[in-house]
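S.K.: As given, the protein sequences belong to chains A and B, one line each in that order. Everything in the first sequence is counted per the numbering used here, starting at 1 for the first residue and increasing by one. Everything in the second sequence is counted per the numbering used here, starting at 1001 for the first residue and increasing by one.
Just so you know, the hints here were simulated from the structure itself, not pulled from any lab data. Even glycine gets a Cβ: it sits at the ideal position worked out from N, Cα and C. Some hints could be false.
[Unchecked claim] Straight line, CA to CA, 25 Å or less: simulated SDA-like cross-link-like pairs of lysine to any residue:
{"id": "1", "chain 1": "B", "residue 1": "K1029", "chain 2": "A", "residue 2": "N58"}
{"id": "2", "chain 1": "B", "residue 1": "K1095", "chain 2": "B", "residue 2": "N1031"}
{"id": "3", "chain 1": "B", "residue 1": "K1029", "chain 2": "A", "residue 2": "P233"}
{"id": "4", "chain 1": "B", "residue 1": "K1095", "chain 2": "B", "residue 2": "I1106"}
{"id": "5", "chain 1": "A", "residue 1": "K68", "chain 2": "B", "residue 2": "E1033"}
{"id": "6", "chain 1": "A", "residue 1": "K68", "chain 2": "A", "residue 2": "G33"}
{"id": "7", "chain 1": "B", "residue 1": "K1095", "chain 2": "A", "residue 2": "A65"}
[Stated by the list, open to error] Below, a sample of chain A positions facing chain B; criterion: calculated Cβ distance under 10 Å:
{"id": "8", "residue": "A9"}
{"id": "9", "residue": "E11"}
{"id": "10", "residue": "R15"}
{"id": "11", "residue": "G142"}
{"id": "12", "residue": "L222"}
{"id": "13", "residue": "L276"}
{"id": "14", "residue": "L277"}
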Amino acid sequence: MAAPDARRAVEAVWRIESGRLIAALARTVGDVGLAEEFAQDALVAALERWPESGVPNNPGAWLMAAAKRRAIDHWRRRERLDRKLEQLGRGAAGEEASAPDFDAVLEESEIGDDLLRLMFTACHPVLPAQSRVALTLRTLGGLRTDEIARAFLVPEATVAQRIVRAKRALAQAHVPFEVPRGGELASRLASVLEVVYLIFNEGYAATAGEDWVRPALCEDALRLGRVLAELMPEEPEVHGLVALMEIQASRLRARVGPGGEPVLLLDQDRGRWDQLLIRRGLAALERAERLPGPPGPYTLQAAIAACHARARTVEETDWPRIAALYAALARVAPSPVVELNRAVAVGMAYGPRAGLEVTDALTSEPALRAYHLLPSVRGYFLAGLGRDREAAVEYERAAALTRNRRERALLLERAARARARAG
Amino acid sequence: MRFMVIVKANEDTEAGRLPSREELAAMGKFNEELVRAGVMLAGEGLHPSSRGVRITYSGDGRSVVDGPFTETKELIAGFWLIQARSMEEAVEWMKRAPFQEGQVEIRQVFEAEDFGEAFTPELREQEARLRAEVERRRS
Chain A
1 MAAPDARRAV EAVWRIESGR LIAALARTVG DVGLAEEFAQ DALVAALERW
51 PESGVPNNPG AWLMAAAKRR AIDHWRRRER LDRKLEQLGR GAAGEEASAP
101 DFDAVLEESE IGDDLLRLMF TACHPVLPAQ SRVALTLRTL GGLRTDEIAR
151 AFLVPEATVA QRIVRAKRAL AQAHVPFEVP RGGELASRLA SVLEVVYLIF
201 NEGYAATAGE DWVRPALCED ALRLGRVLAE LMPEEPEVHG LVALMEIQAS
251 RLRARVGPGG EPVLLLDQDR GRWDQLLIRR GLAALERAER LPGPPGPYTL
301 QAAIAACHAR ARTVEETDWP RIAALYAALA RVAPSPVVEL NRAVAVGMAY
351 GPRAGLEVTD ALTSEPALRA YHLLPSVRGY FLAGLGRDRE AAVEYERAAA
401 LTRNRRERAL LLERAARARA RAG
Chain B
1001 MRFMVIVKAN EDTEAGRLPS REELAAMGKF NEELVRAGVM LAGEGLHPSS
1051 RGVRITYSGD GRSVVDGPFT ETKELIAGFW LIQARSMEEA VEWMKRAPFQ
1101 EGQVEIRQVF EAEDFGEAFT PELREQEARL RAEVERRRS
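Let the sequences and hints guide you as you build the complete structure.
M.R.: Pasting the structure below:
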């Protein structure tokens, strides 16, 4: 095998195996940072050996054996050091004396649980969000530091530092390698889901389209979400998040025009939506909705996305249902932006007067004071009611707030037309 | 990236012989592994070509021929659609498929158009919906 081919093959195996490898090692040594280092050592060994020997038949077992050898070496060195310290009368008090049971590593039945523990540990709230993202992509996504750096448009050294600090922070906080139980589970799961969705959105909002690494983050997030859904089938919000991501990803093809300009949801060519992903999304949403309990924020957002996905044309959109879903979303995850979205849906469903009423309550909202979409939506409703003079004022206000040149021109044009109608 | 894994037909699949219980169990386990890794998007097995049809186009003419078709090794018995980061990863996954004989062919699915052009920043679906309203008003 030629060297570059072998390298790519090793990387491919790494992407498949690294999560399980690190997870199983972390359970055994009780430390994600150490586990990741041993796994990296195994990767280096594979990069040295496989170009000559070829990829072994069971590459996962090979990597695990190599990582185990490194781990055992590590413990032997540490034991020797401990003994020396003892001889000097300075015993390493409180340190774990006995080596972990490396034979117990990689028990097939435990692998799922280990992966879950790894997810919850890498996404522990003791870490800042960016570190959670980096550590998750590195340990569970099998991405290299430079790939993560490219994906997030930051220097490689920054990502490397984030990962080092994250590992240290986990060790210092004595974060146990386990899945939280009871009351803690809900908030910790929210942190895991947040990380997955952050990764997805980073890819979704990708700016540097030249680089496939960024949009590929959507696929990485989807894979993480699907893995999580298999591991926690009883958690509705996991399926809700998967549904949301699958449906949003179904529109990737349609949301950019030929010149690279964004195409808005209602203007998209629905024929370009990916029906396979839509079907997968709707199936995941069904699983979420079948589980007991009121729907959470991801499930509700997925249900809204599903309303658009089900409508073959814009005119078929079920706006009353979308309005009701936004109302439910506003109850579980209240935010002025959600309320503004609800206003649009209400306006589409029940006419501009109803929509305008919802926005009235938002005009005193400080969070929306500089948000151009509020006056722009109000202008739209006011114009629909024939209150052109007021509409023009709102459009002008929106134009002054937007940072997008094309949009500003559009809003000013609309304001001028409203003024002309008002006479 | 997506890859279609095309499973080539053989005499057994063309004869409509169903897999043994062991083969089914092994394939089920493999599929489960693909699903658990978030890699499998779809996968189906096909009836033998004796239940298939071919349509040949020639200008405006269409001739329809019923199966079976003879060149067994060129025929398709099933497929997977998988998501992987590279062709190498797709290959590594499929090396694990529990086939004892036969052949699969792995082909990348076109989707460069998805990612080729520049994406515009500050594009979030939530905002997009609102702005879409504004756009619509203009027309």
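S.K.: Given E11 (chain A) as an interface hint, is the shortest Cβ-Cβ distance to chain B below 10 Å?
M.R.: The hint holds - E11 (chain A) has a Cβ within 10 Å of chain B, the shortest such distance being about 7 Å.
S.K.: Any CB of chain B closer than 10 Å to the CB of A9 (chain A)?
M.R.: holds, 5 Å
S.K.: Below or equal to 25 Å on CA atoms is what counts here, so check K1029 (chain B) against P233 (chain A).
M.R.: Since the Cα atoms of K1029 (chain B) and P233 (chain A) sit roughly 18 Å apart, the hinted pair holds (cutoff 25 Å).
S.K.: May I ask you to test the interface hint for L222 (chain A) with respect to chain B, counting a Cβ-Cβ separation under 10 Å as satisfied?
M.R.: OK, holds: L222 (chain A) within 10 Å of chain B, min 7 Å.
S.K.: Are K1095 (chain B) and I1106 (chain B) close enough, with their CA atoms no more than 25 Å apart?
M.R.: holds, 11 Å
S.K.: How about L277 (chain A): closest beta carbon in chain B under 10 Å, or not?
M.R.: Holds, because the Cβ-Cβ distance from L277 (chain A) to chain B comes to roughly 8 Å (cut-off 10 Å).
S.K.: Quickly compare the C-alpha distance for K1029 (chain B) and N58 (chain A) to 25 Å and report which way the hint goes.
M.R.: holds, 16 Å
S.K.: Should the interface hint for G142 (chain A) be scored as holding, given a Cβ-Cβ cut-off of 10 Å against chain B?
M.R.: holds, 8 Å
S.K.: Given a cut of 10 Å on the nearest C-beta pair, is the interface hint for L276 (chain A) held or broken against chain B?
M.R.: holds, 6 Å
S.K.: Holds or violated: K1095 (chain B) and N1031 (chain B), Cα atoms, limit 25 Å.
M.R.: Distance of about 13 Å is within 25 Å: holds.
S.K.: Can the restraint linking K68 (chain A) and G33 (chain A) be considered satisfied, given a maximum Cα separation of 25 Å?
M.R.: holds, 15 Å
S.K.: Going straight from one Cα to the other, do K1095 (chain B) and A65 (chain A) come out at no more than 25 Å?
M.R.: Measuring from Cα to Cα gives roughly 20 Å; hence the hint holds.
Of the hints listed earlier, there is not a single one the structure fails to meet.
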